[in-house]
Amino acid sequence: MSKAILVLEDGRTFTGKSYGKEGVSLGEVVFCTGMTGYQETLTDPSYAGQIVVQTAPHIGNTGVNSTDEESAKVWVAGYVVRDASRIVSNFRSEGSLDDELSKYGVVGIRGIDTRALTRHLRDKGVMRGGVFSGPAAEKSVTELVHEISQSAPMLGRSLSSEVSTGEKFVVEAEGQTFGKIAILDLGIKDSTIQNMTARGLEVHVFPASTNASELLAISPDAVFYSNGPGDPSTASGQVDALREVLKAGVPFFGICFGNQLLGRALGFETYKLDFGHRGINQPVMDRTTGKVEVTAHNHGFAVRIDGGPEVESPKGFGRVRVSHVSLNDDVVEGIECLDIPAFSVQYHPEAAAGPHDANYLFDRLIDVIKNNRKAKNA
Amino acid sequence: MPKRKDLKSVLVIGSGPIVIGQACEFDYSGTQACRVLREEGIRVILVNSNPATIMTDPDFADATYVEPITPEVIESIIAKERPDAILPTLGGQTALNAAMSLHEMGILEKYNVELIGAKIDAIKKGEDRQIFKQLVLDAGADVAKSVICSSLAQCFDAAGELGYPLMVQPSFTMGGLGSGFAHDEEELKRICGSGLQASPVGQVLLSESILGWKEYELELMRDVNDNCVVVCSIENVDPVGVHTGDSITVAPALTLTDREYQNLRNISIDIIRAVGVDTGGCNIQFAVDPDNGRVVVIEMNPRVSRSSALASKATGFPIAKIAAKLAIGYTLDEIPNDITGVTPASFEPALDYVVVKVPRFAFEKFPAADATLTTTMKSVGEVMAIGRNYSQALQKALRSLEKKGSSFHWNKTEESVASLLEAIKIPTDGRIVQVQQALLLGASAEQVFDSTKIDPWFIDQIVLINEIAEDVREASSLDSDVLAIAKEHGFSDAQIAQIRGLREEEVRSLRYSLGMRPVFKTVDTCAGEFPALTPYHYSTYEQETEVVPSSRKKVVILGSGPNRIGQGVEFDYSCVHASFALSDAGFETIMINCNPETVSTDYDTSDRLYFEPLTLEDVLEVIHAESDSGELVGVVVQLGGQTALGLAKGLKAAGIPILGTSPEAIDLAEERGLFSNILDNAELLAPANGVAVNFEEATEIANRIGFPVLVRPSFVLGGRGMEIVYDQPSLADYFVRIAQFGLIGPGSPLLVDRFLDDAIEIDIDAIYDGTELYVGGVMEHIEEAGIHSGDSSCTLPPITLSSAQIERVRSATEKIAKGIGVRGLINVQFAIANDVLYVLEANPRASRTVPFVSKALGITLAKAASLVMVGKSLAELKASGDLPNVDGTYIPAGSAIAVKEAVLPFKRFATKDGRFVDSLLGPEMRSTGEVMGIDVNFPTAFAKSQAAAGSALPKSGTIFISVADRDKPQVLLPVRRLQQLGYRILATEGTAAILSRHGILAESVRKQSSVGDGPSIVDLITAGEVDVVVNTPSGSSARRDGYEIRAATTAADKPIFTTIAQLSAAIGSFERVIDGPFAVRSLQQHSKDRADALAK
Ligand SMILES: Nc1ncnc2c1ncn2[C@@H]1O[C@H](COP(=O)(O)OP(=O)(O)O)[C@@H](O)[C@H]1O
Ligand SMILES: Nc1ncnc2c1ncn2[C@@H]1O[C@H](COP(=O)(O)OP(=O)(O)O)[C@@H](O)[C@H]1O
Ligand SMILES: [Mg+2]
Ligand SMILES: [Mg+2]
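These protein sequence lines map, in sequence, to chains A and B. Residue 1 is where the first sequence starts when you use the numbering used here, and the numbers rise one by one after that. Residue 1 is where the second sequence starts when you use the numbering used here, and the numbers rise one by one after that.
In short, the hints are calculated from the structure, not lab data. Virtual Cβ for every residue (Gly too), placed ideally from N, Cα, C. A hint or two may mislead.
What follows is a list of derived Cβ distance ranges for each label pair [unchecked claim]:
1. A484(B) x H146(A): 29 to 35 Å
2. D330(A) x A484(B): 56 to 62 Å
3. Q150(A) x P657(B): 43 to 49 Å
4. A484(B) x T234(A): 56 to 62 Å
5. S513(B) x D330(A): 35 to 41 Å
6. D291(B) x Q150(A): 27 to 33 Å
7. S477(B) x N359(A): 55 to 61 Å
8. S101(B) x D306(A): 41 to 47 Å
9. S513(B) x S2(A): 25 to 31 Å
Below, computed lysine to aspartate or glutamate pairings styled on EDC-like, alpha-carbon distance capped at 20 Å [said to hold, decoys possible]:
10. K3(A) x D481(B)
11. K180(A) x E244(A)
12. K291(A) x D333(B)
13. K17(A) x D333(B)
14. K17(A) x D226(B)
15. K818(B) x D757(B)
16. K124(A) x E772(B)
17. K17(A) x D121(B)
18. K291(A) x E772(B)
19. K124(A) x E244(A)
20. K3(A) x E546(B)
21. K124(A) x D471(B)
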């Protein structure tokens, strides 16, 4: 295995061995603390444009299989692990992670002090970096740092179009159809769709560029904005569309990026966290029930809502309350509109990877739809 | 929900003596619980019969009762203290079962005390395997097909249904006691027989076999708001069929996808809800079929367990501490995570390292026992190691065992691949090394999998280790690249030296010259996401170290490693006290230990904790890392048992200052020749002795000093291979039996001592500061010399010694301490035979009895000793009030008497044909733990100690007597008295004849060996018709009968006396139990009494 080097924007370097494809990968370097679910992580579109560091030391033990993919491909820009498995051991495994990474051209590195790297990112905040292997690894550090400084920073970066579906497509409801939902695909995960179809929703997935009238054209019972990569402040098109949806009084649910866009649509700010939340052990308080759920997170940005338990939407959508908060750092993890049928969470009720504690939120979606129907019929 | 206001006082139930399956992990959990409750301003009442524990130190509770953990005694405590609630979930199965009986006897109701931590209903649901099974199915999960049986007949029907092999498990037992596999009717009869016996409710569960599946365990916590967290997942490297306690385990689980793991997590949460554990922790065990992922729930424990101690150390999430907080009403989100300080406990720890636990066994102590690992737990202790990958953690763990041959090695063995592949089919102690050897000799990973069913991923890791060993061997020179890889995968300097044919020191200095040192990472619960406040470290070879410089004066304390017979919780007790005392004295205390069950490895105990193997290499590296800043005052080696003591020389050689008694001085005590000089100078006697390297020499010596002789190989611990030999033939026999172990030879001669017959044995623990001796206590053994001090019961103060004799013991000890040059603790063992005082041995270190002495007399020996080690004088300590002015030799009139009784594990060890090993006591130590009975007089104290040890004396019933001829004269008096007390006397012909000649009417009963009609004594005992057995070993002829009798008694769980000394001592106690229930008194009260008495 040839040499590989991870270089950070600030000049810190880590030398290890090449993993996956040989070559160069540039992106925002982020760490993920999940101890299981590397395959879900790799195929999660939200990680597009990022170099993911796994803090769990052993990666690849259970290989890869087709059922655990969250989308059609591996999205991470680069991959950093401590100990890559030499063999694969699991009854569902269909291949090795190493081959999978090569297949999708992911340039990775293994055998470095991932804990030192993680602590560095925690103290200095996430930053751009690059993994260089093969001939590229021979260049001088200054050259490599220069290359990195030329790459696009995450702040102000729009990636939705890159990860979104090109064509609209429909997924049938499982069993009895309960209703129809229009999804704006900003980087959706398969398990989100499965959670909806399993609840009798016929799912219509639209490209990120779709405008409100097209979304509402199918007269959906609800509109959903998915998770996805990039800086929410660049998504003004999607935010405008969302305002129209809300005005139309159609129930809305959003996850992650979708939560940030609801925040912006309501007139609140989004901002970049120092090193983000990326893990599957994050405690969140549901203020409605007072219960704590252990949840899967993957976000570098968040919505800022000060004051209140209840605050007025600056854009005139009525009262808004923060429905969920992170118990680790009080970051806003969920928003609920009190005067219109709209809510969203910053974390991942569909989990994959992660605990299923927050799965009830998909039932809340169904309830919102039901109540909205009642209201209309009344 | 904030803390409950209505709880003013809580009774905590401890777990009693250390036994296999229930060790000092419950001292750890109990100690944490007591601390938490007191911090919350709750009055803590504690009951625990085990004096060796830290939790029973008077300053951990407001009222500490070292009393038997029986419903009757607990009721008296409740009546006296009137607690608002009882916390039974931190004292293992013992506490849980005690709580159940308190409930069933209506005592909880009578005094309206609430159970907190787990409700009766939840305990029932979790512990009753039948109810639990149904509940699992209702939760939509699967279980192994099984049938509950309460009779042998039912068992046979069930077998027809389920087919062989069958798994048999008694209900409500801990550590798999009485469980096992039945492959046919014969075995079924046997295992179910003892199983029905072992179960307090007389039930066994027969289950379909799931042998060879992957086994997992999840540790959960749940609060009153129904918030659940999974603290840790643990994967067993040994597949289903080996008890988790005996399996090599790893955390986190390494061979599960997220889907499979989340499935286990969901099932666990459904189960903890269904069972209704709502303010505490529990663990749930799973089996997973490697071929299709079918999941089967094995069991749950609705309480803190051994694995929760492991999980706490593995993750930094203090389960017991948090369980205690939940029990008094807090919710997880209200409890801060001490390690980060900023985040709450309502999260799931993320690990960026790998933890491996390896059990430690003691089969060498029970040669007759079947060493196969089964579903009954047999290990006596465990070690844990942390590494940045599995191979590193595994190799660190294996060398932490401190057992020859427990680490991987690469010198060619004679064994053939075929024979190894056959051998590893049967799980045994050290199978992992056989696996490595098989792979080394060319067995394929597939072959090893077929033989062991160990997950291929774990097998490949051993393949990897062998490959690296090969690289190390091949390398033209040991350059930094080769060394780096070897170290990254956990190779010790010693292993590398062995591969390269060098000496360990050579490899080390080479490594130093390359500037290659380990770095120390932190256990932080969050994989680096947040800064950690607690310095809880482990070593690895990587880029960045996290040791924070400090300018303070530092003291390093070496722990005692894995629990084993002869070295257990008593040593952790001393280490922990040293740590407390030295922090109070202003030092920065640095603890090094590798035993996850202990209080010493709680990150709360010392200023800094290094979870590392106790080998010279690993200890030197910690010291090196700490020497970068501040001032290293020295290393404490005399509290961690032989483990720590054994490192003294090497540390000294490396220029590290040793606190207290110097290594040279230690040699004076340990090396026979040197020690006898000291005795000569002090004009003290040792039993006549000599050393022999072969049978001829041994015979010559024996004839010179006269039989009986006590023989033992040199350089062995806990009396290993030590025997009393009465005549020439037996000596020959001994040599034949011992030959296989290769213990005796020119380098290591056999020590032959004149055996002192009917001698009183005395133990003394004292502190010497260079000018003055301070005696902690003088203990008189109840059994005569010849029964290992660790196994014999003893009393403090002595009950037959004159003050003149005590004074002789005292001054002898002073001379020895002076002669050796002790600074700190010393323990000396004496024997008095027809009024001559002999010195048996001197240990210049903390002894097993230090905590017992401290509890009995309220003298804080370990604390004082550690202050002496850092230069304080005894005079100063008396002045400062750290020590009472008069020492333990002075016994004011009316003082309470404390009796220590040993607890023995014979019931755990069956021979290959399924019968219990012999329960005879001898000069080789076999006990795993101890209890203390304390009261105003000896008979009551002794009776309490027997009850605490689980063999309470019956108020009435049948006593069987069968003693060796030499004992017959002494047995008359006690037996006559027993008859007067109304006990029915049963005896074998010979004994019966003599008894009746002395007017004691004894019904005679047939020996097993002698033919005749009517039931034999063994039949009667097995049928439960005998309540007490008195049997002393006689010459080899009748030995077989003796064995049969003792084995049957062990099986029937009845009190047995194997020495007349014990019996005579017990007479008063029989009278006492007839008189009625015991009175209880707290240690705080006892020490107040003593203080008042001394004041007079
Ligand atoms: N049906 C079974 N077939 C084979 N082995 C089993 C079965 N059930 C349990 N075991 C093994 O027995 C061990 C002890 O069983 P467990 O129910 O955990 O008892 P304990 O209460 O002693 O922990 C388990 O660790 C597992 O390896
Ligand atoms: N000469 C002797 N005569 C009688 N009993 C002895 C003699 N020497 C040792 N013993 C018995 O053997 C036990 C173990 O011996 P000891 O020297 O203490 O070994 P250990 O180092 O295992 O404690 C002692 O506790 C004592 O009961
Ligand atoms: Mg178990
Ligand atoms: Mg001894």
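So, going through the hints one by one against the coordinates:
{"no.": "1", "hint": "A484(B) x H146(A): 29 to 35 Å", "verdict": "holds, 31 Å"}
{"no.": "2", "hint": "D330(A) x A484(B): 56 to 62 Å", "verdict": "violated, 43 Å"}
{"no.": "3", "hint": "Q150(A) x P657(B): 43 to 49 Å", "verdict": "violated, 57 Å"}
{"no.": "4", "hint": "A484(B) x T234(A): 56 to 62 Å", "verdict": "violated, 45 Å"}
{"no.": "5", "hint": "S513(B) x D330(A): 35 to 41 Å", "verdict": "violated, 52 Å"}
{"no.": "6", "hint": "D291(B) x Q150(A): 27 to 33 Å", "verdict": "violated, 52 Å"}
{"no.": "7", "hint": "S477(B) x N359(A): 55 to 61 Å", "verdict": "holds, 59 Å"}
{"no.": "8", "hint": "S101(B) x D306(A): 41 to 47 Å", "verdict": "violated, 58 Å"}
{"no.": "9", "hint": "S513(B) x S2(A): 25 to 31 Å", "verdict": "holds, 29 Å"}
{"no.": "10", "hint": "K3(A) x D481(B)", "verdict": "holds, 14 Å"}
{"no.": "11", "hint": "K180(A) x E244(A)", "verdict": "holds, 18 Å"}
{"no.": "12", "hint": "K291(A) x D333(B)", "verdict": "holds, 9 Å"}
{"no.": "13", "hint": "K17(A) x D333(B)", "verdict": "violated, 42 Å"}
{"no.": "14", "hint": "K17(A) x D226(B)", "verdict": "violated, 46 Å"}
{"no.": "15", "hint": "K818(B) x D757(B)", "verdict": "violated, 30 Å"}
{"no.": "16", "hint": "K124(A) x E772(B)", "verdict": "violated, 59 Å"}
{"no.": "17", "hint": "K17(A) x D121(B)", "verdict": "violated, 56 Å"}
{"no.": "18", "hint": "K291(A) x E772(B)", "verdict": "violated, 63 Å"}
{"no.": "19", "hint": "K124(A) x E244(A)", "verdict": "violated, 40 Å"}
{"no.": "20", "hint": "K3(A) x E546(B)", "verdict": "violated, 27 Å"}
{"no.": "21", "hint": "K124(A) x D471(B)", "verdict": "violated, 39 Å"}
Consistency with the previously given hints fails for numbers 2, 3, 4, 5, 6, 8, 13, 14, 15, 16, 17, 18, 19, 20, 21, ordered from lowest to highest.
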